[in-house]
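Protein chains in written order, with numbering that gives the first Met the number 0: chain A, 0 to 417; chain B, 0 to 417.
Careful: at least some of the hints might be erroneous.
For identical chains, the list gives no copy identity; a pair is met inside one copy or between any two copies.
Straight-line distance between alpha carbons at most 30 Å, and here's what the computed DSBU-like set of lysine-lysine pairs gives [said to hold, decoys possible]:
1) 365 with 104
2) 156 with 219
3) 143 with 53
4) 92 with 170
5) 233 with 143
6) 156 with 170
7) 104 with 384
8) 82 with 53
9) 365 with 268
10) 273 with 365
11) 87 with 156
12) 268 with 156
13) 254 with 27
14) 140 with 179
15) 208 with 246
16) 143 with 87
17) 365 with 129
These are calculated hints, taken from the structure and not from any lab test.
In this text the structure is predicted, and so the values were computed from the model without any measurement.
2 protein chains.
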Amino acid sequence: MNAYIISIGDELLIGQTVNTNASFIAEKLSDINITVTKITTVADDEEAILNEFKTALDTSDLVIVTGGLGPTHDDITRTCVVKYFDTKLVESKEVLDDIETMFAKRNRELTGINKAQALVPEIATPIRNKIGTAPGIWIEKDNKIFIVMPGVPAEMKSMMKDFVIPNLEEKTKEAGKVIKKSILQTTGIAESSLFEKLGDLDELLGEAKLAFLPTILGVKLRITVEDTDEENAKNRLVEIEQKIRSKAGRYIFGKGDETLEEVVGRLLKEREMKIATAESCTGGLIAHTLTNISGSSAYFERGIVSYSNAAKVEILRVNEDTIAEHGAVSPEVAMQMAEGVKSTSGADIGIGVTGIMGPTGATTDKPVGLVYIGYCDEKVCTVRKYIFGNDRLLNKMRTMQAALDLVRRQLLGISSDD
Amino acid sequence: MNAYIISIGDELLIGQTVNTNASFIAEKLSDINITVTKITTVADDEEAILNEFKTALDTSDLVIVTGGLGPTHDDITRTCVVKYFDTKLVESKEVLDDIETMFAKRNRELTGINKAQALVPEIATPIRNKIGTAPGIWIEKDNKIFIVMPGVPAEMKSMMKDFVIPNLEEKTKEAGKVIKKSILQTTGIAESSLFEKLGDLDELLGEAKLAFLPTILGVKLRITVEDTDEENAKNRLVEIEQKIRSKAGRYIFGKGDETLEEVVGRLLKEREMKIATAESCTGGLIAHTLTNISGSSAYFERGIVSYSNAAKVEILRVNEDTIAEHGAVSPEVAMQMAEGVKSTSGADIGIGVTGIMGPTGATTDKPVGLVYIGYCDEKVCTVRKYIFGNDRLLNKMRTMQAALDLVRRQLLGISSDD
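This is chain A alone, in the form it adopts within the complex:
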């Protein structure tokens, strides 16, 4: 099945909005083995939209459109759908119910404009909207599937998850094929090294496929198994996952969309442990990332952004002589920061981070990208050295990820390697 994604909206064509919708949809389609052949963006303009619908349906089995479903005058996508498919609008009872319930809950009065959102093209199945008022549109005609969703990312994502992807998977199944995918998230290892660790891929995979998807914070491994039997597909997937884990398990922190901060948060919660952070070069990014998780107050005790040496000495009890002797960017200071924030906060784990993020600040023996991360818990104190790149923001992000991964490995008892 080939897919064509159309994004509608003037705001995309003037660069005001980055088209994250298209990449989200493309990723989810790719996950269920649907090949996206083209992504386009067109203006809120009837002629442009109708032309694009035609090109898309002429060349693809599946067309997914987002944007232009709102209630204002420049939202013309629904009108274009009615025109293109030569159908008419009819009121959907279930959509109207959804809208009425939503307005009642929010104590807002329902206007004509809002009610009009319950009108859907007669030949379409409405896709219900759990977050906003505009329903999505699902049309099947001449062996093609044509889907329209709102451009608001949260609404589109919710429809994709609850309706579009399950229904598209069902369609693929009808064709007698079972496709199972699994994503393993790794961090702390380069794509090329990971590739080497996995060894002979033919032996590992058999008929299955493996994609290496590098991101700034790690490499995702996507395994795809195709089979005629559901049970078989599942078993083969589990088997390959186990083989990969046996070769590179220490680098795998999670599955699917899981983030490292979610995984670390869960581990801390399970163990009823609290963490405290002492950050110099990351400037608060580790604390910020940990506290992006709702409920993190259960395990995040405090964070100290000890940018100045005074802060390191006064709050974290780092020894002034150590700073004078080894410099603020040194394994000794990272360790004392971790120890200090642990003992002064009473947390179970302390993290200390110091480094040179660039572009300035390097010395002859300390290059931009040099980072030391200290970790202390009740039993262990350890420090690691890293050398990242030249970009300040990327260095902050990579240091944050390395620090969280160090916590994960320590909590799981994964020994340090090389």
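Position chain B relative to chain A; hints supplied.
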């Protein structure tokens, strides 16, 4: 002049990479009054690329292509250009010089693959690459302009800034028109309120145009003046800017691409002042944002992420009774956090932030989105109340921006309104 943007690359079609290049290019074109009518993404596939070139050149005056210029086998854009324009590759002496200089500097040996990057289509003007090795391509034919740049964002951006935009502006000028643009960045005011404050737009603008561009952190105002005379255009732009400042100046923090953290950093540096932050709900995001600026150690003293009440009491000397009486999310605690971090750090300015970011944590009288921000300097201590939305991450970002803007206004002596 109408433009068509083509992004080439399989990684975009599987959703692995978000297409930030297209929105960057669209924004910069829009800034010089070029209308982007379509943005498309196609695979690293010769037939798809050649078809796209044809459609684009058939329908537009300007075509901008990114991606597929690298040295590996799946980078086929240059070959497609040669085929499409029925030309041949010739070595560019200046590009070869650039590549040789770059390799010499990095002490790396030049291979045949690298040398081959100096080959450009005979009918093209090469666009020199200051960051990488692949040159861009600029072709003018049949009154159309066809531009190709690498997909690496930093390389594309550098070419846009130094070559593409200045040359396109030159083209527009030849047509006898001078277009001047200016962007004013506002924060702390909703689009609709800003609109009201500006009053009669016809009176304000005359023949000029004004676009309201809302982002998560504020609304950008883009003024566009068209004239036949350079001096006239500049004067009219300045005049309109002044009028806007007289009506909504307090909300304008910067011009062009400036960020609020850059502006606040500059103000602190000029005044030789230091700032310290005490964050609860933002979890370190304010410190992280301030320290994203290179050289911020000159004015950022320390940050305390006092997630627990113990941290607030022990480090910031917040009164336990105040917490017991008013709760951790209260104007009193925000104020004491600001005072505490200022006095304990010895910084000139202290910021204290406490709130409920959601989705959980609300009480009957304290909804999700409630935030108090305290500010203290040598002369003034003040606290502000805000109510943001329901999304945890957006709430963190909006609180961060509000805190930085409070600092900016206090430093500039802008009185509080309403």
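Hint-by-hint comparison with the structure:
1. 365 with 104: For residue 365 and residue 104, only the inter-copy Cα distance (19 Å) is at most 30 Å; the intra-copy one is 59 Å.
2. 156 with 219: both (21 Å within a copy, 27 Å between copies)
3. 143 with 53: Both ways: residue 143 and residue 53 sit 12 Å apart in one copy and 26 Å across, limit 30 Å.
4. 92 with 170: within (26 Å within a copy, 56 Å between copies)
5. 233 with 143: Classified as within; 29 Å inside a copy, 54 Å across copies.
6. 156 with 170: For residue 156 and residue 170, the Cα distance is within 30 Å only inside one copy (20 Å; across copies 42 Å).
7. 104 with 384: Intra 54 Å, inter 26 Å, cutoff 30 Å: inter-copy only.
8. 82 with 53: Classified as both; 12 Å inside a copy, 28 Å across copies.
9. 365 with 268: This pair counts as between: shortest inter-copy Cα distance 26 Å, intra-copy 37 Å.
10. 273 with 365: Between copies, since 26 Å is at most 30 Å while 33 Å is not.
11. 87 with 156: within (27 Å within a copy, 46 Å between copies)
12. 268 with 156: within (28 Å within a copy, 43 Å between copies)
13. 254 with 27: Within. Shortest intra-copy distance 15 Å satisfies the 30 Å Cα cut-off; inter-copy 38 Å does not.
14. 140 with 179: Within one copy only: 27 Å inside, 49 Å across.
15. 208 with 246: For residue 208 and residue 246, the Cα distance is within 30 Å only inside one copy (17 Å; across copies 61 Å).
16. 143 with 87: within (19 Å within a copy, 42 Å between copies)
17. 365 with 129: between (53 Å within a copy, 25 Å between copies)
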